[in-house]
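> Listed below, chain by chain, are the residues.
Protein chains: 2
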Amino acid sequence: MNGAESLVRTLAGAGVEVCFANPGTSEMHFVAALDRVGGVRCVLGLFEGVVTGAADGYARMAEKPASTLLHLGPGLANGLANVHNARRAHAPVVNIVGDHATYHKEFDAPLTSDVEGVARPFSDWVLTSTDSRSVGRDAAAAIAAAMAPPGRVATLILPADASWGEAGEPAPLPPVEPRAEVAPEAIAGAARALRSGESAVLFLGGPALREPGLTLAGRISAKTGARLIAQTHNARVERGAGRVPVDFLPYPVDAAIKTLSGTSHLLLAGSKAPVAFFAYPDKPSALSPPECEVHGLAAPGEDVVGALEALADELGARENAPLQMREKHSSSTGAASADGAALAVASSLPEDAIVVEEALTGAYAFMSRTKGAAPHDYLQITGGAIGIGPPLATGAAIARPDRRVICLQADGSAMYTVQALWTQAREGLDVTTVILNNRSYAILKGELKNVGASSAGRTAHAMMELDRPALDWVSLARGMGVEAGKAATMEEFDRQLEAGLRSEGPYLIDLQL
Amino acid sequence: MNGAESLVRTLAGAGVEVCFANPGTSEMHFVAALDRVGGVRCVLGLFEGVVTGAADGYARMAEKPASTLLHLGPGLANGLANVHNARRAHAPVVNIVGDHATYHKEFDAPLTSDVEGVARPFSDWVLTSTDSRSVGRDAAAAIAAAMAPPGRVATLILPADASWGEAGEPAPLPPVEPRAEVAPEAIAGAARALRSGESAVLFLGGPALREPGLTLAGRISAKTGARLIAQTHNARVERGAGRVPVDFLPYPVDAAIKTLSGTSHLLLAGSKAPVAFFAYPDKPSALSPPECEVHGLAAPGEDVVGALEALADELGARENAPLQMREKHSSSTGAASADGAALAVASSLPEDAIVVEEALTGAYAFMSRTKGAAPHDYLQITGGAIGIGPPLATGAAIARPDRRVICLQADGSAMYTVQALWTQAREGLDVTTVILNNRSYAILKGELKNVGASSAGRTAHAMMELDRPALDWVSLARGMGVEAGKAATMEEFDRQLEAGLRSEGPYLIDLQL
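Residue numbers (the working numbering), protein chains in the order written: chain S, 1224 to 1736; chain Y, 1224 to 1736.
One thing to keep in mind: the hints can contain errors.
A pair counts as met if it fits within one copy or between any two copies, since identical chains are not told apart.
What the hints assert, rightly or not - Pairs of lysine-lysine, DSSO-like flavour, derived with a Cα cap of 30 Å:
{"hint": "1", "residue 1": "Lys1709", "residue 2": "Lys1287"}
{"hint": "2", "residue 1": "Lys1328", "residue 2": "Lys1668"}
{"hint": "3", "residue 1": "Lys1328", "residue 2": "Lys1594"}
{"hint": "4", "residue 1": "Lys1551", "residue 2": "Lys1328"}
{"hint": "5", "residue 1": "Lys1328", "residue 2": "Lys1672"}
{"hint": "6", "residue 1": "Lys1551", "residue 2": "Lys1668"}
{"hint": "7", "residue 1": "Lys1328", "residue 2": "Lys1481"}
{"hint": "8", "residue 1": "Lys1446", "residue 2": "Lys1287"}
{"hint": "9", "residue 1": "Lys1446", "residue 2": "Lys1328"}
Hints in this document: simulated from the structure, not taken from any laboratory. This one's a predicted model, so the numbers in the text were calculated from it and none came from an experiment.
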């Protein structure tokens, strides 16, 4: 058994069943080991950002670590933007990055780089496994590091000679760090704030946005009148009809400030204190009112559900909150719009669908319109590195082949990782992608004004227009083997959406806004 | 004047005329300043790897620094693979990377990362410009750093408040470090080796592969019998009919060793000692024979041409070498092949074309067949980070609108930065791309065997096949506004190539191998 095989055996033994991969020469032994070992499914991506974004989507939906296989420093670099998103999503991901043989590094061959240096800014844990006999043990440590709460990014660098050299045994998974219990003082402090009669917000993230955390948060809200607000960007929210309704904190700074204004107590449950996504001249970075007291009830890596349970007990909050009613929408007609599309998606959403949303300027329409749709999971871009939607949808579909995936996707962002469509076709995934094709970086037009760059002229505005030439998304999708159709009216969109949700395998709708 | 404007003025003042950009919110002031200042052309890429690869191509052909505009850590990360290639090409590139406002960093907003840490592994020079008043001076220092020999990557990080704050004056370019003169002992040592009567190779890189370095190398070869061999991967080679012919050191280790076997003296002129691209079990890392003496005549950053001149003088080498004859090829017929395509390209190559080659398994055919074609520049992938071809061709075409660009491109590699086609269409660039569509990562099939992973089975081989589904390159190109055609026979390829070379603006040929 060589190092690579001990690595694959260790992954399989720890329940890491999927490896999203874009391998090169230095990873050939790992690839070869897949046939000998079994138990690890390898999913090919044609670009590393697809690989890492799919790992994120898989980890969010499978609730177990995803692994990736990447080729040296530049291959890892190509995947880092979505590693950043995965890390902000607290998705457990183990990156396996091949490197030159240890003795070859000093020759500074063309692909040589400081792989640890490349990994570090976006990893919580980095190790180079320099000895084939310790690869199994190092891999097991990487998996445990990724599984440590709240879910982490671990990067294991595997020199080629550690891969092909004689290995020791594959290693069992060491004990995984549990979520830390919340101190009784934090519970007591939160209870005091909620009993004060002053305006309070329970600010939710992570496990607080999924059952049973959500039910507990609902009880606390029903008992105390505290408002429930979710972070602006979340890894996964269980929502829709029959669930505790939670609004998202708006992205625009002014709207976020307005939402939180008058709040005396902000209780963080699996969330971080709300901050502006970007700084703008003359606008604050912190979004809660200056006089608001921020209480750390449970940090993202702590036992968030346990803290909510303790708080609900402490408050005697035993009654469930009213649940979200099913909303019926009549379908819209005429010219295509994001809001019309949101209404149509909300009406047609299959039960237990997975909604991946990277709609940017279209996000608000989708969030608000799907609130009363059939119950679903809602997956967002967590780190702001655009180009996550199509890979995220790909990974979510791999994790949950029993559920429909709908990807609501801005056109500009979709181009960064457009190659994900090919993996969807190759794997026959039931992903329906709606491209909100406004032929521009629409969000930047607003941002240009927000940052006070009002003197921008023709050249500046040309940097935000994608209409010369217009992208033909039907052509792009078909080029990668994905069936697709255009919709310029809402009637056409209804027909396309029906076709998409009925299709076996992926489908793309080019919605011409 | 704000910091951003002082930056743009500094760039324009130093002759940095093109900025390849994929901006976000934190770069809006820079973008707005473009209209007020003039003198800097901004070229939009829909993915950062396109931006940085185009900067490389521009810098190689324009012989002046290119600049890029990127958005925070993840945006920079997306561009790093081609920054790696640019650095290995010694292309002078100034990356300008926006970051959060200095005071906003501590809030750890979703897009926050250690931007300096992201930049460092692939930059020769990194600086964060924290004060709007010093942005001009910092930018001038960055440009000078990029221009320092042999050509470097400088990354300037620009926090949003340094961009929008009140600036000082734009700064003039400080003195640029000259190429270091080569010590007389190095010349004398090389001359002794060449006079020894023992077998010698002049191993050429950088300026030694362009006029007048090449002419001088030719004279030395004519006088002493030393063989001229170019590095395997070069930023730019002036070659074709009427020029001093130079063979490239082969990529496969065994072939490279054979080429250099029997060599007693290897003289490095603008090159590094030849090493295996990857390590393979039981194959050496160094490619020159163990008994061969390696002489450092001129390092890549030294005065390579001056050293060749001094050496030629020392040797009394005044006669020019025989120049490459024009070779005529008859066109091939029947089934499409890389070699047939190479013959056709060699026959049809316009005078002074720029050939960008990322053909991987097809590279040898193109290199050898174009040796006697019309004079041309030959641009290669220098750092091994695949996905450089289409961006490189884009940047080269921006730099030299007077010349035709032909991009000879492997299909798997092309997918990494496929978005470059859109920029070619938008800018109306005369780039003809030939996709060598073998529906596989063909090079990996050989590598699997080379690394000794011979036991690979069905799963492993599936990781190297891109045929399920096959990529339809005509559809992909048209989706980005690029005219395209398929060729399954050599007759069809001849017709397509003629159409491509005649077209105004970009054209893509999907060559079905």
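> Against the structure shown, which of the earlier numbered hints fail to hold, in ascending order?
1, 3, 4, 6, 8 and 9
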